[in-house]
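Which chain is which? The protein sequence lines are V and B, in order. Sequential numbering of the first sequence, starting at 2, is according to this note's numbering. Sequential numbering of the second sequence, starting at 3, is according to this note's numbering.
If you are wondering where the hints come from, they were derived from the structure by calculation, not from laboratory data. Treat the hints with care, since some could be wrong.
[Stated by the list, open to error] Interface residues of chain V toward chain B, partial, derived using beta-carbon atoms under 8 Å:
(1) R106
(2) S110
(3) L160
(4) Y162
(5) E164
(6) R167
(7) G170
(8) V178
(9) E180
(10) P183
(11) P187
C-beta: ideal position from N, C-alpha, C; glycine also.
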Amino acid sequence: MNRSMISGGIGLAIALAIAALVMAAPLIAPHGEAELVGEVWAPPSADAWLGTDNLGRDLLSRLLYGGRITLLIALGSTLLAMAIGCALGFSAAIAGGWVDTVLARAVDSVMAIPTLIFALVLLSVLGTSIPVLIGAIACLASTRVFRLSRAVAGNIVALDYFEAARLRGEGLGWLMVYEVLPNALPPLTAEFGLRLCANFLFIASLSFLGLGIQPPLADWGGMVRDNAAAISYGGLAPLIPAAAIGVFAIAINLVVDWSLALQAGQRDR
Amino acid sequence: MSDPLLSIETLRIEAVTRTGAASVRPLVDGISLSLGRGEVLGLIGESGAGKSTIGLAALGYIRPGCAITAGRIVFDRQDLATLTPTALRAIRGARVAYVAQSAAASFNPARRLGQQVAEALVLHRATDWTSAHRQAAALFEELDLPAPGSFGERYPHQVSGGQLQRAMIAMAMACSPELLILDEPTTALDVTTQIEVLAAVRSMLRRHGSAGLYITHDLAVVAQLADRLAVLQHGRLVETGTTTAILQTPTEDYTRRLVAARNEPDLPTVDVGPAAVPPTLAVKSLSASYRTMPNVLSDVSFALRPGETLAVVGTSGSGKSTLARVICGLMPQQSGTVEFRAESLPMEVSKRTREQLRRLQMIYQLPDTALNPRQKVGRILGRAVSFYFGGSRASVQHRVDELLDMVGLPLAFAHRRPGELSGGQKQRVCIARALAARPDVIFCDEVTSALDPLVAEEILALLQRLQHGTQAAYVFITHDIGVVRRVATDVAVMQKGRIVAYGPISKVFAPPLHPHTQLLLESVPQPRTDWLTGILQGREDAAQES
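Given these sequences and hints, build the entire structure.
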């Protein structure tokens, strides 16, 4: 039992609890997602435990419903970004030569365009359905994953065990999945944790600009935006969804740190 | 007798965990040593014997995760363990200095050599930079470095390995320390460069009257410098005595084996198979270049029959590793052909068939990086078996057991990861992986140079025994003449990308010797105390004659 295990356990418990709560939103939410229940920015009461939002909807219910979509998009887009980024990054490092040059320059060009503006263009052309949102965010985030995975794989392909596998005649698939991936996991796991938080914030920015999740559906980032003005009146409304984002992100990163410690232990043994 | 300069008294260093319990055996277990002023003590032992730990302890440094649990290290009447960090810093570099094994990893690649050497003087002797640089240049001159006046202007990557190692000696000697600790300073160098560095170390120690603690696994090397030797095994002191006594009349069995492993074996009397057998592998006028370096290989030809062992020898940079890479298809050649059983092989690895790949296998120098750390041994071997031969799970499993048995590893090792094996065991797994393919030719790229002498001996014996059964041809790429004598039937001596001498070992290593062959042969350290002196004397005489 060590420190990373304890904190990792706490992180896992929090993340699972949040996931369970938001999944069960229709069962446990006291009110509907778009239901008006009282005054604008009413303080917490017996009916609305966390108070109401800028239109008088129950904040707790919206938090639960909104969590579902936010978590789905953030997790979905991060996993997809990791998959795309790693597949391309590993291929570039393994193939080398012109494949590497073309892929790396293509990624550089995408990175040269400000992410938010690129996303706005994509979403206004393709619409803002959830699959499109996940895909667009994943594509943009995968550029950074590509950079990291290419650099990490670049070190691995120079090692003798990789050369031995290549000399044996192994194909690209085996090389990527069995030789490179397991040895590249620690930095990629860390990247996953960071990317997830970044994507949370990115969804929030998109919602803020009106191209993310469309009203009346709730999402945590959108709730911060909708209630932002309440901060000037000393209201809690924007802080609660912001805290939800923060707590979930911290929990995920605790789990990530734990898994990094586990992997390090396995490697050094 | 006056007080010794360094005295280590029943020192015990153990790994400690955060909970305080040390379950493994101590790294250093009750060792007592003493070193007088101007004396050179050689510390000999295999990896894990605790010699580097002692070397660092003499600097008052204990690796994180370890602690002194008993005994003392006394340097000039001060117990190093009781000194404050500031007091230690005043001693380190000024009175005790350290030369590490890899100069390339020890220099800051972004700063000029002169600056890094002069730094010690500025820090410890309050010299100003200008005169520190002047003193550094004087040291470079003492060490026979080229253009000593401007040598300090260069960056570490701009000088050769041997020069860099000498620059590190200059850095260590900058403040004329009373004690110099040398941790395997020549292990990464080839034999011809090793001589330069050994001569440099010896003359520096003598001229500055410094004492030395020379850590190595090579008895012959340390015999040239050390007044006394201490033999370590598993953290314990096996034997200590004067160099001559240890070499000539070792009392302990372990020491005797070490001395024996270093003595030159007689040339093997191998009856080469009838020349009528067609060669397995024939390389015909192969040439290759890197983009920035032309003629890494030029016009290299040789042929190899089943059961033969060709040793490719040469100094580093002679192109011997490139040769293996080109033949294996990892690097394109410019001209020439590689024929396998009279069938010309495609030059790129991706264009070769699985069957062609199977017949050519490779064993690497560093078993640490040659095995995927995330795969268990059973999987590493199993993949090689099923990739080439397929078969049911049970038959693959059976073959893996057979392979482990062939290389002398317990079957239970199939469930271990490479990290749980020792260097020699890892190299055995690499051999088993190569054998899994039932190859016709095995390339052995410096397979023993990263191993301790006794382990290396076992690996060579294993390879030879296996060759009797499989009749595979071996290509040994090595700079170690001892290995060549031990295993080779044929020798190809390489110099600057060309084969300058080639033939059966009995011819190549017999007079008249090609000058380069002679240089390589005489550069091999011999376990007598006067070997280095003899070599240097001989070279001086030759220089005067010409």
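The hints, checked one at a time:
1. Given hint, R106 of chain V at the interface with chain B, is violated; its Cβ is 21 Å from that chain's nearest Cβ, farther than 8 Å.
2. With a cut of 8 Å, the hint placing S110 of chain V at the interface with chain B is violated, because the nearest CB-to-CB distance is about 27 Å.
3. A hinted interface residue such as L160 of chain V counts as satisfied when its beta carbon comes closer than 8 Å to some beta carbon of chain B; here the least separation is about 5 Å, so the hint holds.
4. Because the beta carbon of Y162 of chain V sits about 4 Å from the nearest beta carbon in chain B, less than 8 Å, this interface hint is met.
5. At about 7 Å, the closest approach between the beta carbon of E164 of chain V and any beta carbon in chain B falls short of 8 Å, and the interface hint on this residue holds.
6. Look at R167 of chain V: its Cβ gets to within about 7 Å of chain B, closer than 8 Å, so that hint holds up.
7. This hint holds: G170 of chain V has a C-beta 4 Å from the nearest C-beta of chain B, less than the 8 Å allowed.
8. At its closest, the beta carbon of V178 of chain V sits 11 Å from a beta carbon of chain B; the interface hint therefore is violated under the 8 Å criterion.
9. For E180 of chain V, the interface hint holds, since its Cβ comes within 8 Å of a Cβ in chain B; the closest pair sits about 6 Å apart.
10. The interface hint given for P183 of chain V is met, as the beta carbon of that residue sits about 4 Å from the closest beta carbon of chain B, less than 8 Å.
11. Among the interface hints, the one on P187 of chain V is violated; its C-beta lies about 11 Å from the nearest C-beta in chain B, farther than the 8 Å criterion.
In summary, the structure is inconsistent with hints 1, 2, 8, 11 from the numbered list given earlier, while agreeing with the others.
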